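Number of protein chains: 2
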Amino acid sequence: MWGSVEGGGTKWVCAVGTGPDDIRAETTIPTTTPDETLGAVIDFFGEHGPVDAVGVATFGPVELRPGHVDYGRITTTPKPDWSGADVVGPIHRALGVPIGFETDVNGAAMGEMRWGAGVGLESIIYLTVGTGVGGGAISHGTLVGGLSHPEMGHVSVPRHPTDRFPGACPFHGDCLEGMAAGPTLEARWGMPAPDLPASKAAKAIEIEAHYVAHGLRNFVYTLAPELIILGGGVSKMPGLVESVGEKLVEILADYAPSELSESGFVVRPGLGARSGIAGGFALAQSVQ
Amino acid sequence: MWGSVEGGGTKWVCAVGTGPDDIRAETTIPTTTPDETLGAVIDFFGEHGPVDAVGVATFGPVELRPGHVDYGRITTTPKPDWSGADVVGPIHRALGVPIGFETDVNGAAMGEMRWGAGVGLESIIYLTVGTGVGGGAISHGTLVGGLSHPEMGHVSVPRHPTDRFPGACPFHGDCLEGMAAGPTLEARWGMPAPDLPASKAAKAIEIEAHYVAHGLRNFVYTLAPELIILGGGVSKMPGLVESVGEKLVEILADYAPSELSESGFVVRPGLGARSGIAGGFALAQSVQ
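If you read the protein sequences in the order shown, they are chains A and B. According to our numbering, the first sequence holds residues 44 to 331 in order. According to our numbering, the second sequence holds residues 44 to 331 in order.
A portion of the hints provided could be inaccurate.
Each pair may be met inside one copy or between any two copies, as identical chains are not told apart.
Listed below are the simulated SDA-like cross-link pairs for lysine to any residue, each with C-alpha atoms no more than 20 Å apart in a straight line [as the list claims (entries may be wrong)]: (1) Lys54 / Ile85; (2) Lys122 / Asp297; (3) Lys54 / Thr75; (4) Lys122 / Tyr298; (5) Lys54 / Thr120; (6) Lys122 / Asp78; (7) Lys243 / Gly62; (8) Lys279 / Pro141.
Calculated from the structure, these hints are not laboratory results. This one's a predicted model, so the numbers in the text were calculated from it and none came from an experiment.
Bound-form chain A, shown alone (with noise of 0.2 Å):
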C-alpha cells in the first residue's frame, strides 16, 4: 500500500491505494503553512495508513538532488511561508518510510507513464498550460534533469504576428508562460477565457496554439518524445488541443519523423485530472 501526494500553490490532495484505480481514502488540505499543511498530510497518513512508502509530487522549484544539502526542500518561491520549506523531512521523520520526491509536472508524467496516455511508450513529455505553464519529461525510462528540473515554461517563443500583449513572466516578459498561462489569456482579452464570445474565442484559440505550439516546437527538436500530453486548465479550452497539434505540424515543416504528422501525437491526459496523484503512486513505487 502505498501514499500520494500532490502538493499544489491552493490544496494538497493525499491519497492511500495502489493506483488510480485503487484508492482507499483521499483527502484535500487547503495550502496555508508549511506546519499546518505537512502536519494535516502526516496526520491523514497516520489514520489511513500504514504506507510502504509516500511518493509526494509538489510544486517547484524544488531540490531533487539526493546528496544536496536542500534536498527535500522547496527552494526559491514567490509563495509566502514556502520558501525553503522542508517537505520531505517532516513526512520522512513522522512516518518512517521511504518517500520519493519530484515536481507535480514530473509526478503527472511518471502517473501518465505508468496508467495514463503513455503506457507502453519510453519517452513522453506532459505539459500543463494552466496558472503557470510547466513539464515533466521521461526519456527511455528516466525523468529528464540534472542540475535541477525542467523548467519548460521559460522557452523562448517567437511572437504571434497580430498579438501585442507585452508577455507577463516576472523573469523573461514573453517566454512560453508569459505568452501562454491563463493569467495572460485573461489579461489578453480582458476576461477569463470560458466567458469570452464565440467571435473572439476563435482568434484567442489560434494565438495560444501558436504559443503552446511554438514551445513544443523547441521540446521536440530537443528531446524527440514518443507522445506529448497537454494538460491544465488552459489546456481544456475547446479545439485547443487539436489547434496545438496542427499547428505543430506546420512549424516542424517537415523537419521530423512522418509518426509526428499523425493525429494523436498530441493528447489530452488519459487520467484527466488524476495524472497527479497516480504519479504520487508511480513514485512511491519507485523509492519503495
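The hints should help you fit chain B onto chain A, whose structure is shown.
Using the frame of chain A, we list chain B on its own:
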C-alpha cells in the same frame, strides 16, 4: 579491444583501442559512396582487429529504434548516395560482433562524459556549431531521445536586434542552425570567420553568441543539464565560448540554479577534436 567509427559528411575516422588515450591503430577514409566507404571501414577492422564490439557514431538523421525496419540506417539525408544507407548491417555481417549505433553528437556526448569534460557528471549537453548545429544530451546517465534523436539545431531563437540576415535553414529559415552555423556566419559577413578584420570580429562574436546562448537557454530550461560542452569549428572563434556563457547567464535572468551563473558552465570539449572517436569506444563498450 574495441572499434570506434566516427562517420562524417567528408570523412570517416576509424580506430582500434580501449579509449582516446589508448589507440592502437587509426585511419581516415574519405566519404564517397556507402559501399566504398563502409567497405574500407570493414577492411580496416579486418586488418587491425579482432575487436569485441564496434561503436559507430555518424551524421544523420539516423534510425536508432532497435526494433524498427530501418534500424542502423541513415534516413533522409540530402547527401548524394547516402539517403537510406545501411550502416550497421554491412559492418555487423562482416565482423560478427555487436555494433553500437548513435548520431555523431550523441557519440561525442558519450565520449566527453566518459573521458572528457563531463567526467563525474550525470547530465550534460554536447552542442556542435560548425557546418550545421547539432546536439546530444545525456540525462541521469541516459542518452535523451525517443521517436528519434534530438535535432537541437532546429529550435527557435529570437533575432539579434541589429541582424538582418534572413536565415539559411531550408526547413525553418531562422532557427538556431539557420542563424548560427558556419555557412550563415560566412554569408552574413561575406567572408569566413577567421578572415574577419578586428573591426568586424567583435560584432560577429556578439551576434553569434546571441544566437547560441538563446539556443542554450531553451536546452537549459528543457533538460536542466549540469554542464554544456560547445564543440565544432565555429566554437573556436576566439572568445566565443566565454561570450556565450556570459550571454546565457544574462538571458536566464536569474531564473535558474545559481551554479549556472558560475564560469565553467559552458566549456570547450575536454577531448578537443577527439570527443567523437572517444564516443565510439564508449558506445562499443556499452553494447559488448
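Going through the hints against the structure:
1. Proximity of Lys54 and Ile85 under a CA criterion of 20 Å is satisfied intra-copy only: 15 Å inside one chain copy versus 62 Å between copies.
2. Taking CA atoms no more than 20 Å apart as the test, Lys122 paired with Asp297 passes between copies only; the shortest distance there is 17 Å, against 43 Å inside one copy.
3. In this homomeric assembly, Lys54 and Thr75 come within 20 Å of each other (Cα to Cα) only inside a single copy, at 8 Å, whereas the closest approach across copies is 63 Å.
4. Within a single copy, Lys122 and Tyr298 get their C-alpha atoms only as close as 41 Å, which misses the 20 Å cut-off; across copies the closest is 15 Å, which meets it.
5. For the homomeric pair Lys54 and Thr120, the shortest alpha-carbon distance inside one copy (16 Å) is at most 20 Å, but the shortest distance between copies (51 Å) is not.
6. Taking CA atoms no more than 20 Å apart as the test, Lys122 paired with Asp78 passes inside one copy only; the shortest distance there is 14 Å, against 63 Å between copies.
7. Taking the shortest Cα distances, Lys243 and Gly62 never come within 20 Å of each other, neither inside one copy (41 Å) nor across copies (62 Å).
8. In this assembly of identical chains, the alpha carbons of Lys279 and Pro141 never lie at most 20 Å apart, being 35 Å within a copy and 48 Å across copies at closest.
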